[in-house]
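Take each chain as given, in its own frame, and dock them per the hints.
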Amino acid sequence: MSEHAINLDSVTVRKTRTVLLESASLHVTRGELVGVIGPNGAGKTTLLNVIAGFEKFEGVLSIFGRPETHRRSRESRLRVGYVPQSFPVDPTFPILAVEAVMTGAIGRTGLFRSPGRRQREEAMALMETMRLAHLAARPLGQLSGGERQKVSLARAIIQRPDILLMDEPTANLDIAVQKEVLDLIDEIHRKDGLTALFVTHDFTMLPTAMRRAVLLDRGSVLFDGDIETALSGETLTRLFRYPLETFRRNGRRFISYD
Amino acid sequence: MIDPLVDVLTYPPIQRAALACVLCGASCSLLSVFVVLMKMPLIGVSMSHAAFAGAVLGMLLDINPFLSGFVMCLVAAGALGPLSDRTDLAPENMLGILFSFLMGIAFLGMGILTRTKAGVLNLMWGSLLTLSGFDVTILAVVTGVLVLFVAVFFKEIRAVLFNRRLARASGVPERMIYYALLFLTGAVVSSNLATVGGLLIFALLVQPGATALQLTYNMKHFFLISAASGIGACASGLVISYIFDLPSGASVVLMATVIFAAAYLFSPKRRRARLTERNRII
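Chains as they are written, first to last, in the working numbering: chain A, 1 to 258; chain B, 1001 to 1282.
These are computed hints drawn from the structure, not numbers from a lab.
Careful: at least some of the hints might be erroneous.
Pairs of lysine to aspartate or glutamate residues, derived as EDC-like cross-links and limited to a Cα-Cα distance of at most 20 Å, are as follows [said to hold, decoys possible]:
id	chain 1	residue 1	chain 2	residue 2
1	B	K1220	A	E121
2	A	K56	B	D1085
3	B	K1220	A	D90
4	B	K1039	B	D1085
Covered by chain A, per the in silico footprint, the following chain B stretches (three or more residues, Cβ under 8 Å) [stated by the list, open to error]:
id	segment
5	1151-1162
6	1165-1179
From a predicted model like this one, the values you see are computed outputs, not experimental measurements.
Every residue gets a Cβ at the ideal spot worked out from N, C-alpha and C, and that includes glycine.
This is chain B alone, in the form it adopts within the complex (with noise of 0.2 Å):
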């Protein structure tokens, strides 16, 4: 079973999927920290339909659809952090609001739209195997981008994931750094379109981080567990759809959903918890 998987990797169309599988998988997996523990699930889904309503238009002017989806998911961040920072609109309701929005424009330019709509719905899917190196070296910038923001700003993050307005007190760049994420996350989820799509990447941007949770109280092991169970569902996914001849987007949030199963059910976190509460009622 092995031999035959090597071979394959030296073809060029594999050796992107294999290389772009890993880069979604840590990009994906990275962000997810935020969106889990900001409590933000809906933040994917806003900015995968962002790219959507961006690619539907960008067919409509005659402009290339990834990069409208990818300007789009730029404008949708660019918009969410002012907007989630009123008072008067709670966060989720925002996402949940701007998520409609974006919805009935895809919908209003997919029923104006009278050529073919394959070059939009391939967005909604993906396809790892008909990458082109451009679509590779976008996600590789941009997964480098986010690798050396979580270096650079770990202290900061970790100030703005616990509290934001406490971190805002202690004099930390909160809103920068809150911005950047969104920003990010917007960039992670339009270069990823072309690998799982916009409707597979919500679990890649919620599992490995909801992993993570069930594991360590460490931070930092917190990225690193997260990292790890996105860039392992990738690749056994892939390699799954490769040898079971399956789509590789569902091969690969099925096994993110078989790798959290297992966190969840080993979780030395729960067991602590259920080891506490019963010593409180003893």
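Isolated chain A, as found in the complex (with noise of 0.2 Å):
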């Protein structure tokens, strides 16, 4: 079985005459959790869309070492979970937060065959184990930002994929709302160690189990190592194209500038 989890070698992807991601590469190893950081238009989701299988590409992508197209098979698609952005629901929509996570068991369940209670179970007990039974029987639109982006997690793990891919998971959340998403990320990855891709723009909050950021630059990797290197004023700096500083007090990463 090969070690790399995601192989993506010179991939480009083209929407009209713009060009959103220029032959990046990244080889992603089983169990690693890996930042992908860049400004706004940088090519971020467009990585992740690729490996999720939203996007049509040129260029290689494996995983697990089978070659994948944006065309993929229901066992393809269950390896692969996947996070999405913070998005409105709307406060009506008849669906409960255990019904969200259990959509997630859905591919996996297969056509003509009944969830079952014991599914209803399943994503009770994981609800259970991500401190979200609280909010199993209350309708999904109207819990805060916060609490549906970790419904929208247990949705991901529900699905038991091999990686999981998330986009942006903290936007648009307070500070505080955000650390929390952040632990339970990291007690994901800790506890199931899985392999893991964490779009961002904001490197100031990111889980502490990550170790390795990839930069993207107008659709470009602009460097791809160790979390320390990649989070350096130097290497920020050419990142953003602003004089930029960064440094460390107890632990946590703050940023400076003019």
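Shown next as structure tokens:
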């Protein structure tokens, strides 16, 4: 079995005349938690969409050694879990939080099979371990943004994926709620050893288990290496084309700029 | 008042009308769950105008207008799926463009048509009392397929209605479910042109779902409430039209509006949302 969970070689994505991702390469080892960081429009979400199978691309992508395109079999899709950026849900939409979690297991159940009571129990048990049980019976649209993101994580986890892709999961959340979501991600990663990609433009709030970062700029990989070098003032100044300095205090990373 | 109603039900055209009414209510209201939750109210109008354009073309080419209308509806449904999946066009804009394009075709055909246009215009109004056995059979088959589809693929439909992208990521064949729903919309609209007609069907594709949206957070109950309110509107509309000698299609639509208004006024969900909002302010 391949050691590499994700192998991306010279992948290019074009939309009409715009190049969203240009000859990007990325190799992620099984069990790694990698940050994909860059300013708006850098191609972070496009990169994630390629790996998730949402986007057509040129180049080579293999997942656990198996070549993939944007058209995927059910088995291939089941191996990759996806957590989107927080999205609004109509408060009257007829779905409870526990049912939203259960939708993550539908592909695994397969067509013509009833999810039955067992799947609801499985979703409840998962929500219990993620300390979300109190939200289970509430309509999803009436949860706060942070609560919905935690439910979204649970929805991806119940799929039992080998790779977890997270697209700005902490965007638009209060700082305290961001921390809660990050702690949950750390916990999942520690417990399940999941290979994970965490896309963000905010490099001050990252999961603590993240050791490696890929910096994207205008569709190209600018830097790929350890997180400390990636988030040094020098690298970030190159990335944002603006003089930035970073420093750490009590284990937390801070940024200073003029 | 009951006896004359029971008596009248012994006449075959009335029996057919009553049966078609229930089938129309059931099929439109089940689809309205999809129309309302996917926020695609224009789909009904687009489909009925596809049927209208198809019927005009049928008359021009000397084909049965119902058949050509049915085929055109399915073609429109088939085109709508891939077109609405294009990321550079929002689905609601796509529907608006398709709708006006089909209107253009229909009016162009009407301009060229030298014969009487009554056959085509009948598709816009519908007529419950002049239905043939064939019309009712087609409607029964389409309704049966729709009920079966909802029952068999309920969990997949729920995932797709919640979020198509997430459904796809979880290994649900969301495109198959979505396209099937579009085809079924085409089939339901065209098979109901003879009953309530292309103009009024729009109301039945929106109001039962909008009624259910006021009353429940449970998706299974949502389908049941929607079906009950659709069938209720059709049946009560037919009875009222018979008693007061009113046009049946208009009575059905007005009853659907009354049912929606009642659900809106007494909505426990709205009351709950108001309470939550007040608690937040306090």
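The hints, checked one at a time:
Only pairs whose Cα atoms come within 20 Å are accepted, and K1220(B) paired with E121(A) is accepted, the gap being roughly 19 Å. For a cut-off of 20 Å, the pair hint linking K56(A) to D1085(B) stands: about 13 Å separates their Cα positions. For a cut-off of 20 Å, the pair hint linking K1220(B) to D90(A) stands: about 18 Å separates their Cα positions. A hinted pair counts as satisfied when its Cα atoms are at most 20 Å apart, and K1039(B) with D1085(B) qualifies at roughly 15 Å.
For a cut-off of 8 Å, the count of residues in the segment 1151-1162 of chain B with a CB near a CB of chain A stands at 7, and the three-residue condition holds. Look at the segment 1165-1179 of chain B against chain A: 9 of its residues bring a Cβ nearer than 8 Å to a Cβ of that chain, three or more, so the hint holds.
Going through the hint list in order, the structure satisfies each hint without exception.
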